[in-house]
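One letter stands for each residue in the lines below.
Number of protein chains: 2
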Amino acid sequence: MFNFTFHNPTKIVFGKGTISELGNLVPPGCKVLMTYGGGSIKRNGVYDQVMEALGACSVTEFGGVEPNPRYETLMKAVEQARAGEVDFLLAVGGGSVLDGTKFIAAAVPYRGGDPWDMVLDHALVTAAVPMGAVLTLPATGSEMNGTAVISHETLQDKRPLKSLLIYPQFSILDPETTYSLPERQVANGIVDTFVHVTEQYLTYDVNAPLQDRQAEAILSTLVEEAPKVKANPNTYDVRANLMWCSTQALNGLIVCGVPSDFATHLIGHELTVFFGLDHGQTLAILHPAVLQHQREHKAQKLIQYAQRVWGVRGLGDEETIDAAIAKTDEFFRSVGVPTKLSDYGIELAACKPIVERFKERGTKMGEHKNIGYREVEEILALCAG
Amino acid sequence: MFNFTFHNPTKIVFGKGTISELGNLVPPGCKVLMTYGGGSIKRNGVYDQVMEALGACSVTEFGGVEPNPRYETLMKAVEQARAGEVDFLLAVGGGSVLDGTKFIAAAVPYRGGDPWDMVLDHALVTAAVPMGAVLTLPATGSEMNGTAVISHETLQDKRPLKSLLIYPQFSILDPETTYSLPERQVANGIVDTFVHVTEQYLTYDVNAPLQDRQAEAILSTLVEEAPKVKANPNTYDVRANLMWCSTQALNGLIVCGVPSDFATHLIGHELTVFFGLDHGQTLAILHPAVLQHQREHKAQKLIQYAQRVWGVRGLGDEETIDAAIAKTDEFFRSVGVPTKLSDYGIELAACKPIVERFKERGTKMGEHKNIGYREVEEILALCAG
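Chains as they are written, first to last, in our numbering: chain A, 74 to 458; chain B, 74 to 458.
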């Protein structure tokens, strides 16, 4: 096991009716800026619940944070927060709203120039407006971590911002708020959660059996619950289980002391930038291909995964690995997310600029830092369909 | 799943050589009171490592915190801390030193009378001196929770103190510090960890499959690692895995949204008070008996536990439950902790005062609050041997 530091100060308030606790969670006397997305929270009653719970606070609003939240949009919120001397941010929505709000939190007190610089150099984050969240879409894990993924439209760039200072002080997770989600978002969220786990688990063995089993715990639960949410979308426990899985998948726990490989996410971000695919869709396309491409390096863990999560028995090593990858691909399709570029009408040739970008940047990805632009090209070829 | 709140602000610094990071973890300029136990840290080099790392701090010491730390001893440390105007406590040792230090932390600023009152009424804890820890004995989970179990010699009492204010700010876990532990303490620690998990897992099903699997992850890892530490005590990864298991067992994670049953611990405390047994020994004696006594109420979970942790297959329900309990008992004995009162030379008749005590207090324990003094008597009878 590697040495590690684990520190996650976010308070999680989980369950039915918990939005009503907001009044006790937001520090008294704060000027709150509430951020949200396209307005679904006004249709599903969440907005009203939040406003009622915040009765005693001074609240202003910033709506319109888009999926893959954009620097350009967020900078408007930064101006509004500065002008209004806001001292608490409340994000109400899914991972994009939370991520965007984390950027706003760090950008408001930043006086060193363009806040995008902080995305390029995380050490520049030295202060942040405190924030809390009401999560309405389980997927990114943003509700309990210090990471935000931000897109810069002008630069055609999408990158993570990371800091201990942008962990939410609290996150409210009421599974009932997820009943009204479109099926596509639920499916994308399951894929995102699943891939977060495998990216921290399917690497190489460092003798960390507890972390392995904690990862498998999430995967097995997703495999079990995913068909249920399709069959009966409004079952509380199923929604609750999916929501808690997504938080546990990326709160720093399962990565304690083990290597990780976020190549799927990093290449996926480019598919979103260039083709506007949903984040979950990019992962469903890329992840089986990354596993296939790296099967030799990941062999031992792929076999363990096949056996423990998918119950594969009695096959030789190579066939077991084939089964692991096939089951993963099949799972993504079963929840409703296609896994080939051709399913989205994307030609392999159109991906050339992605390869170019990795070439320019010289990025090396994967737990062995062996995925460069040539390997990206090979992986994309495996995604063609 | 039940509603829940999860909030654990302790920073864990885990791994080889991590004591050297103390200088960055203790707030600069603090007057530190370092607490420890019987002095083993002076023999195994931990004391020297700590002192070297704290080079720049003003440090005083309080040694002699005993196993099952006593109010009477701790009050001397409270006086010393008050007199020295200490503003940071550093506990170096096992769960007893950590628990004792948590009590000191809360007692120092307490001006409402006798600090024991806080043990009887946790709401009286409204402030605490900040503390950190260097853990040298994996067992209690105290390094990442807000609980301290304190014994009052004069009153012949042993009770938990709980507060959000007594979470360590940080805990350093260096598995190498555990190499020099006596075998008996290692064995007790494994039993303590195992029982912490089962007390939060072997209750009744509330449709929380992730929490179930997270609990099983710890149990399966303990079952796997325990024989290894006996065979090769100085294997780093084995020590690391056991240490991380014990932290994860009682840091609030696996109890999220599920019922718990701490009857084994609560009755066990009395066996320590009356007969001076090690904490782990009391659990090894009582736990199989509690499971046996409550087998009807815990049937579903006992069957799941037998199948998933012990690989029991092909038996009827009752036989599967028999196997679950027998395997548990066997496991405790296999690590070196006997499971019957008679193994420790204790006659059942001598336990009468324990039953009386539960009668006086009117305590009802277990996830169904169905374990009162009569049931305690029946459980103790099952422990006789």
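For the record, the hints were derived by calculation from the structure and aren't laboratory data. Just so you know, not all the hints are guaranteed correct.
Chain copies aren't distinguished; within one or between two, either way the pair holds.
[To be verified] List time: in silico DSSO-like cross-link candidates among lysine-lysine, alpha-carbon distance up to 30 angstroms:
1) K301 with K104
2) K425 with K303
3) K149 with K235
4) K104 with K115
5) K104 with K442
6) K149 with K432
7) K442 with K400
8) K303 with K89
9) K149 with K303
10) K104 with K149
11) K437 with K89
12) K235 with K84
13) K442 with K149
14) K303 with K432
Verification of the hints:
When the C-alpha separation of K301 and K104 is checked against a cutoff of 30 angstroms, the pair qualifies neither within a copy, at 41 angstroms, nor between copies, at 57 angstroms. In the homo-oligomer, the alpha carbons of K425 and K303 never lie at most 30 angstroms apart, since the shortest distance is 36 angstroms inside one protomer and 57 angstroms across protomers. Proximity of K149 to K235 under the C-alpha cut-off of 30 angstroms is restricted to the intra-copy arrangement: shortest distance 21 angstroms within a copy versus 45 angstroms between copies. Only within a single protomer do K104 and K115 lie at most 30 angstroms apart by alpha-carbon distance; the minimum there is 21 angstroms, versus 53 angstroms between protomers.
Proximity of K104 and K442 under a CA criterion of 30 angstroms is satisfied in neither setting, with 45 angstroms inside one chain copy and 45 angstroms between copies. In this assembly of identical chains, the alpha carbons of K149 and K432 never lie at most 30 angstroms apart, being 33 angstroms within a copy and 66 angstroms across copies at closest. When the C-alpha separation of K442 and K400 is checked against a cutoff of 30 angstroms, the pair qualifies only within one copy, where the shortest distance is 26 angstroms, while the shortest distance between copies is 44 angstroms. In this assembly of identical chains, K303 and K89 lie within 30 angstroms of each other by CA distance solely inside one copy; the values are 21 angstroms within and 46 angstroms between copies.
When the C-alpha separation of K149 and K303 is checked against a cutoff of 30 angstroms, the pair qualifies neither within a copy, at 38 angstroms, nor between copies, at 62 angstroms. In this assembly of identical chains, the alpha carbons of K104 and K149 lie at most 30 angstroms apart only when taken from the same copy (18 angstroms versus 46 angstroms across copies). Taking the shortest alpha-carbon separations for K437 and K89, only the inter-copy value of 28 angstroms comes in at or below 30 angstroms, while the best intra-copy value is 44 angstroms. For the identical chains of this complex, K235 and K84 are neighbours both inside a copy (19 angstroms) and across copies (17 angstroms), given an alpha-carbon limit of 30 angstroms.
Taking the shortest Cα distances, K442 and K149 never come within 30 angstroms of each other, neither inside one copy (37 angstroms) nor across copies (55 angstroms). Taking CA atoms no more than 30 angstroms apart as the test, K303 paired with K432 passes in neither setting, with 41 angstroms inside one copy and 52 angstroms between copies.
Against the hints set out earlier in the document, violations occur for numbers 1, 2, 5, 6, 9, 13, 14.
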